[in-house]
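Peer 1: Now for the letters of each chain:
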Amino acid sequence: MKPAGVKGAVVRTPNGLSLRFRPRALAVAVLCLAVALGVSVLLIGSGDFPMSPADVVRTLLGNGTPADSLIVNEIRLPRAVAALAVGAALGLAGAIFQSLTRNPLGSPDVLGFTQGAATGVLGVIVLAGGGSAAVAAGAAGGGLLTGALVYAVAGRHGAHGQRLILVGIGVAAILTGVNGYLLTQAKITDAARAVLWLTGSLDGRDWADAAPVLIALAVLGPLVVVGCGRALRMLEMGDDAAHGLGVPIERARLIMLAAAVLLTSLAAAAAGPVSFVALTAPQLARRLTRTPGPNLLPSMCMGAALLVAADWAAQRAFTGHQLPVGVVTGLLGGGYLVWLLVTQRKTGRI
Amino acid sequence: MLLLLAVLVLSLAVGAKPLSIGQAWDGLLHRGSGSYTVVHQMRLPRTLLGLLAGIALGLAGAVMQALTRNPLADPGLLGINAGASAAVVSAISFLGIVSFAGFVWFAFAGAGVVAVLLYAVGGGRGATPARLALAGSALNAALYSYVNAVQLLDTASLDRMRFWTVGSLAAAQTSTVEKVAPFVAVGLVLALLLARPLNAMAMGEDAARALGARPGRAKILAIVAVTLLCGAATAACGPIIFVGLMVPHLVRALTGPDLRWLLPYCAVLAPALMLAADVLGRVVVRPSELQVGIVMVVAGGPVFLYFVRRPRSKVVAS
Chain A
0 MKPAGVKGAV VRTPNGLSLR FRPRALAVAV LCLAVALGVS VLLIGSGDFP
50 MSPADVVRTL LGNGTPADSL IVNEIRLPRA VAALAVGAAL GLAGAIFQSL
100 TRNPLGSPDV LGFTQGAATG VLGVIVLAGG GSAAVAAGAA GGGLLTGALV
150 YAVAGRHGAH GQRLILVGIG VAAILTGVNG YLLTQAKITD AARAVLWLTG
200 SLDGRDWADA APVLIALAVL GPLVVVGCGR ALRMLEMGDD AAHGLGVPIE
250 RARLIMLAAA VLLTSLAAAA AGPVSFVALT APQLARRLTR TPGPNLLPSM
300 CMGAALLVAA DWAAQRAFTG HQLPVGVVTG LLGGGYLVWL LVTQRKTGRI
Chain B
0 MLLLLAVLVL SLAVGAKPLS IGQAWDGLLH RGSGSYTVVH QMRLPRTLLG
50 LLAGIALGLA GAVMQALTRN PLADPGLLGI NAGASAAVVS AISFLGIVSF
100 AGFVWFAFAG AGVVAVLLYA VGGGRGATPA RLALAGSALN AALYSYVNAV
150 QLLDTASLDR MRFWTVGSLA AAQTSTVEKV APFVAVGLVL ALLLARPLNA
200 MAMGEDAARA LGARPGRAKI LAIVAVTLLC GAATAACGPI IFVGLMVPHL
250 VRALTGPDLR WLLPYCAVLA PALMLAADVL GRVVVRPSEL QVGIVMVVAG
300 GPVFLYFVRR PRSKVVAS
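Which chain is which? The protein sequence lines are A and B, in order.
All the letters of the first sequence, read from the start, carry residue numbers 0 to 349 under numbering that gives the first Met the number 0.
All the letters of the second sequence, read from the start, carry residue numbers 0 to 317 under numbering that gives the first Met the number 0.
No lab work stands behind these hints: they were computed from the structure.
Quick caveat: nothing in here was measured; it's all calculated off a predicted structure.
Backbone N, C-alpha and C fix where the C-beta goes; we use that ideal spot for every residue, glycine too.
Everything hinted at is true.
Covered, in the sense of this in silico footprint (three residues per stretch, anywhere, with C-beta under 8 Å from a C-beta of chain B), are these stretches of chain A:
| hint | region |
| --- | --- |
| 1 | 96 to 108 |
| 2 | 164 to 172 |
| 3 | 178 to 192 |
| 4 | 270 to 281 |
| 5 | 330 to 341 |
Ranges between beta-carbon positions, derived for each pair:
| hint | chain 1 | residue 1 | chain 2 | residue 2 | range |
| --- | --- | --- | --- | --- | --- |
| 6 | A | G334 | B | G255 | 40 to 46 Å |
| 7 | B | A206 | A | G334 | 37 to 43 Å |
| 8 | A | A257 | B | A252 | 34 to 40 Å |
| 9 | A | V341 | B | R216 | 21 to 27 Å |
| 10 | B | A252 | A | E249 | 31 to 37 Å |
| 11 | B | M202 | A | W338 | 32 to 38 Å |
| 12 | A | G243 | B | D205 | 38 to 44 Å |
| 13 | A | E249 | B | S174 | 56 to 62 Å |
The whole structure should be built from the sequences, with the hints applied where relevant.
Peer 2: Below, the structure written as structure tokens:
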């Protein structure tokens, strides 16, 4: 029998373990995942050499013609996988940040982590002129350094709420200035390359680009979703309540912050700072699941679906002219943000 | 005032070709002297533009902080300058408008739209400083991603705009100064006239009404003033942030919260700070230059962090 007040289904094993899950949240996650995979198939099928979805699926299963499997496995699959992984990482990181800051706008774009990754990359491109591996390392290093800086400045008990937001905004502003400076110091060819990277693009991504974010997702995803989802939900009720319920507040928060920063940085390393996926994915997921709380798994799947769809739209929107995916997410996300500001202002949640 | 004068002279003298103060003075007054060209062609417009932009941004920050009753309000941080930028970039790229007289109107439109939107958010019930700052910087991010997108699709204008978007006084010309001046002047007068009603409104709108102020009209005029000041400053020298945040706080430490003192002091101290930053930018990486917007951010960011970190900070308590 279900105790009163507990929503969702509970699974109990004979030896005393119990697991509660919400059917609706699970359904949303599965649905988003299905959409993400479906659009990936479309994405793989579109391009200068169009393929029907049936052909794509057959090729993916290993039964395609040699030409098809060359195109799919060597060129288009890495891009689609990178899109899925980057989207999932951003969605998960966004959900963690929004939960930690207790504000629907607390996304890594706003809090300076994305700018930190950008500073790292600009430094590499402008000062060292490195290749794609160096760029990825620069992004990860810059993001992590920024995370450490924000945490250090916000202070020991500052890794939540308003302090984190304000410090993050300040750091973001400083880094934006630094980025602008680096951009003016570059040669025009380097500057164009840097701006392309800064917008976020998935063009020409191969397995080496997708690997770091995939590994991070494989390691951190289960850790965060299974290990810390509970703690995060408790923390949303306030520090005192969470402490009373036995959550090691500082440690849980530090782990979450580190995981989210790492995911953001590696996602930026793979595809550039794709804006607004981390902001919108958790919110859309929450609207669909209609459940309060961090909604980690649905956000992750939603992020993957959003980014793949945006990349597909970016390739298809203007025939003969491929847009970087960051332009599409930036425009759509910006529109969503304005709508959010207009409709939500009365409720005072923002 | 003395500080401002000193910085004005320095701004005339310091640069790629350093002049002594006497030479700068000579160049300013005597047509025949050797430094006349340097001073009149390059340094003077730049200094005047810095003066105007500083006045505009400092006052806009002070008015916004009073209007939203929010100590973190800053035209750059909250996206008003970014709104002007986005409008200007669209004008440059899509409509091919390159003259200042052409795109200044776009800057006003962009700044105005964002100002109204932010006021709608900031004026809502339960809007804390952090919330407004967050909404503003999210808006900033959205607008800049738009600016980036436009630049990306149009490499030719990227070359022109990448200097403009960091905030620079280097490209100043006498004609630009002449065109900005009237807008800043109108904004200045408007802001100073608003000191009394905004003072009254600091105690809440009901109290203000009881004291004979008309809050509705004052609010609209304040938004108009902020739009004029920010739009003009942004159109002239690109988005520059943190001036509007820092100066009112520094001045408040001197004058207290009375806007009738605060606003004039801001109008003096902000340009001094702006020109000091510009001079600093010319000196630190000789022989090249650092744009004033960058100096301001690198110097102003830590000040912002200091306000946030202060133990009894009201900003965080709310």
